[in-house]
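Colleague: Sequence:
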Amino acid sequence: MKHTMVIKSAAVLGIVSLGLAACGGSSTSTESSAAPAATEAAASAAPAATEAAASAPAASECKSPTLITATLLPATGSLAFLGPPEFAGVKMAVDEINAAGGVLGAPMVNIDGDSGDTSTDIATQTTDAALSQGATVIIGAASSGVSLTVIDKITSQGALMISPANTSPALTTYEDNGLYWRVAPSDALQGAILASTAIDSGITKAAVIARQDAYGEGLEKAFSKNFTEAGGTVTSELLYDPEAATFDAEVAEIKAGAPEAIVVIGFEESVKLLQEMIKQGVGPKDQQVYLVDGNISTEAYKEFPKNTMKGVIATVPSGEADLTAFNAALLAVDPALTDYTYGAQSYDATMVVALAANVAGCADGTAIAASLANVTSSPGEACTTYADCLALFQAGTDFDFNGVTGPLDFNQYGDPASATISINQYTSNGAFEEIGKVTAEVPLP
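For the record, in the sequence shown the residue sitting at position 348 is 1503 according to my numbering, with numbers rising by one throughout.
Honestly, the hints are just simulated from the structure, not real lab data.
Possibly wrong hints are sitting among the right ones.
[What the hints assert, rightly or not] When the alpha-carbon atoms are kept at most 30 Å apart in a straight line, the in silico BS3-like pairs for lysine-lysine are as follows:
#1 Lys1360 - Lys1457
#2 Lys1308 - Lys1376
#3 Lys1440 - Lys1465
#4 Lys1308 - Lys1218
#5 Lys1246 - Lys1218
#6 Lys1410 - Lys1434
#7 Lys1360 - Lys1376
#8 Lys1246 - Lys1376
#9 Lys1457 - Lys1246
#10 Lys1410 - Lys1360
#11 Lys1308 - Lys1246
[As the list claims (entries may be wrong)] Pair by pair, the computed Cβ-Cβ distance ranges are:
#12 Ala1254 - Cys1217: 37 to 43 Å
#13 Pro1220 - Lys1434: 57 to 63 Å
#14 Lys1427 - Asp1250: 35 to 41 Å
#15 Glu1392 - Thr1231: 41 to 47 Å
#16 Asn1584 - Asp1396: 20 to 26 Å
#17 Ala1404 - Pro1490: 42 to 48 Å
#18 Gly1357 - Gln1549: 45 to 51 Å
#19 Asp1403 - Tyr1329: 31 to 37 Å
#20 Lys1427 - Ser1311: 35 to 41 Å
#21 Thr1582 - Ala1480: 47 to 53 Å
#22 Pro1220 - Ala1484: 43 to 49 Å
#23 Lys1427 - Glu1216: 17 to 23 Å
#24 Lys1427 - Gly1289: 56 to 62 Å
A virtual CB, placed ideally from N, CA and C, is assigned to each residue, including glycine.
Could you put the whole structure together from the sequences, leaning on the hints where they help?
Modeller: Dropping the structure here:
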């Protein structure tokens, strides 16, 4: 049986329509009804590229004829569960790029590096090492907070930073000289979709608890704004220290507000928070609980008693297309994978960088940034593989790369102009299963 969930939030009315399939983990994605907004966003994509182009080197001045990228992704830290699929996505892309002839006639080089999290200085050390080895593109970070700690260091040296997973709205308008881009959408979209999902499920009162950092605060504000504008009441808006030893006081405050649902925005510490919620009688068996991309990891929840998490809903940026075949290919790259979150975005980020370097005729960060919007926007012949896009370019034909996550048109901020959010439900099988998708324009600031 299929039903349609109508968006009631004023902030997203007319921008998003949502279809959910209620069986078998299948999904239905409906097209946005706001075509003019999409056109406007696409038309405004040029300024970001133009800004970077102003300082892009002429071909004769190119200092980087070989594309050297470096990953800044979580091998350790609170988002370490995202590391394996992200590293695998980059590796898959690099292998395909080099099999098709490389970039600018030479093999592309990638240097893997750990980002850690904001509790350490690993990201700074990794960034320094990568730049000293000639990297002109940093792929990462996964954590918005980590990106904010190194973005100035990277962009001030003329290197490009492209993240597969940053979602903080704070990064949209950050002063980056046109050198910060991302494949994942701002949480202005995920927050709106999460709010509409709750409203359309009949939730009228919700508590929100989020980690106190750029990611948590941005998504919390986006959810609360859209939820209240749609007629809901936020009973509690709490920010917590991710390093806190206990969450008993925060959960007690949530319980006192008698919410119908609780939205938990965090990373791996969400496990401890959920345990306290269960202890105080406000866990998933007591009312609806919503999670997000930062805490969707299924492995930790498998340690809970059976069916503890059943019915929990989680949203996560995904791909417009079915990723089943891609994830199978990703598993071949890393047979140990148990989670695929942001693997596709990491693959696409690597692909667009390589294609932009070819178009720019140079692997300098500023040159690549100046061409990023051009390789992913119309007009141009659509292509979905590096080899096909490169062949079109070499034949003198304009091309439009569509990634495994879908079209990658960027807006004037270097963010995706539109994106897809996957809606998932924890089942009795002990894992999250996709029950729907939403594809929509990303709200602009």
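Colleague: Please go over all the hints and tell whether each is borne out by the structure.
Modeller: Do the hints match the structure? See the list:
{"no.": "1", "hint": "Lys1360 - Lys1457", "verdict": "28 Å, holds"}
{"no.": "2", "hint": "Lys1308 - Lys1376", "verdict": "28 Å, holds"}
{"no.": "3", "hint": "Lys1440 - Lys1465", "verdict": "8 Å, holds"}
{"no.": "4", "hint": "Lys1308 - Lys1218", "verdict": "19 Å, holds"}
{"no.": "5", "hint": "Lys1246 - Lys1218", "verdict": "25 Å, holds"}
{"no.": "6", "hint": "Lys1410 - Lys1434", "verdict": "11 Å, holds"}
{"no.": "7", "hint": "Lys1360 - Lys1376", "verdict": "16 Å, holds"}
{"no.": "8", "hint": "Lys1246 - Lys1376", "verdict": "35 Å, violated"}
{"no.": "9", "hint": "Lys1457 - Lys1246", "verdict": "29 Å, holds"}
{"no.": "10", "hint": "Lys1410 - Lys1360", "verdict": "12 Å, holds"}
{"no.": "11", "hint": "Lys1308 - Lys1246", "verdict": "25 Å, holds"}
{"no.": "12", "hint": "Ala1254 - Cys1217: 37 to 43 Å", "verdict": "24 Å, violated"}
{"no.": "13", "hint": "Pro1220 - Lys1434: 57 to 63 Å", "verdict": "60 Å, holds"}
{"no.": "14", "hint": "Lys1427 - Asp1250: 35 to 41 Å", "verdict": "38 Å, holds"}
{"no.": "15", "hint": "Glu1392 - Thr1231: 41 to 47 Å", "verdict": "31 Å, violated"}
{"no.": "16", "hint": "Asn1584 - Asp1396: 20 to 26 Å", "verdict": "34 Å, violated"}
{"no.": "17", "hint": "Ala1404 - Pro1490: 42 to 48 Å", "verdict": "43 Å, holds"}
{"no.": "18", "hint": "Gly1357 - Gln1549: 45 to 51 Å", "verdict": "55 Å, violated"}
{"no.": "19", "hint": "Asp1403 - Tyr1329: 31 to 37 Å", "verdict": "36 Å, holds"}
{"no.": "20", "hint": "Lys1427 - Ser1311: 35 to 41 Å", "verdict": "38 Å, holds"}
{"no.": "21", "hint": "Thr1582 - Ala1480: 47 to 53 Å", "verdict": "22 Å, violated"}
{"no.": "22", "hint": "Pro1220 - Ala1484: 43 to 49 Å", "verdict": "30 Å, violated"}
{"no.": "23", "hint": "Lys1427 - Glu1216: 17 to 23 Å", "verdict": "53 Å, violated"}
{"no.": "24", "hint": "Lys1427 - Gly1289: 56 to 62 Å", "verdict": "42 Å, violated"}
In summary, the structure is inconsistent with hints 8, 12, 15, 16, 18, 21, 22, 23 and 24 from the numbered list given earlier, while agreeing with the others.
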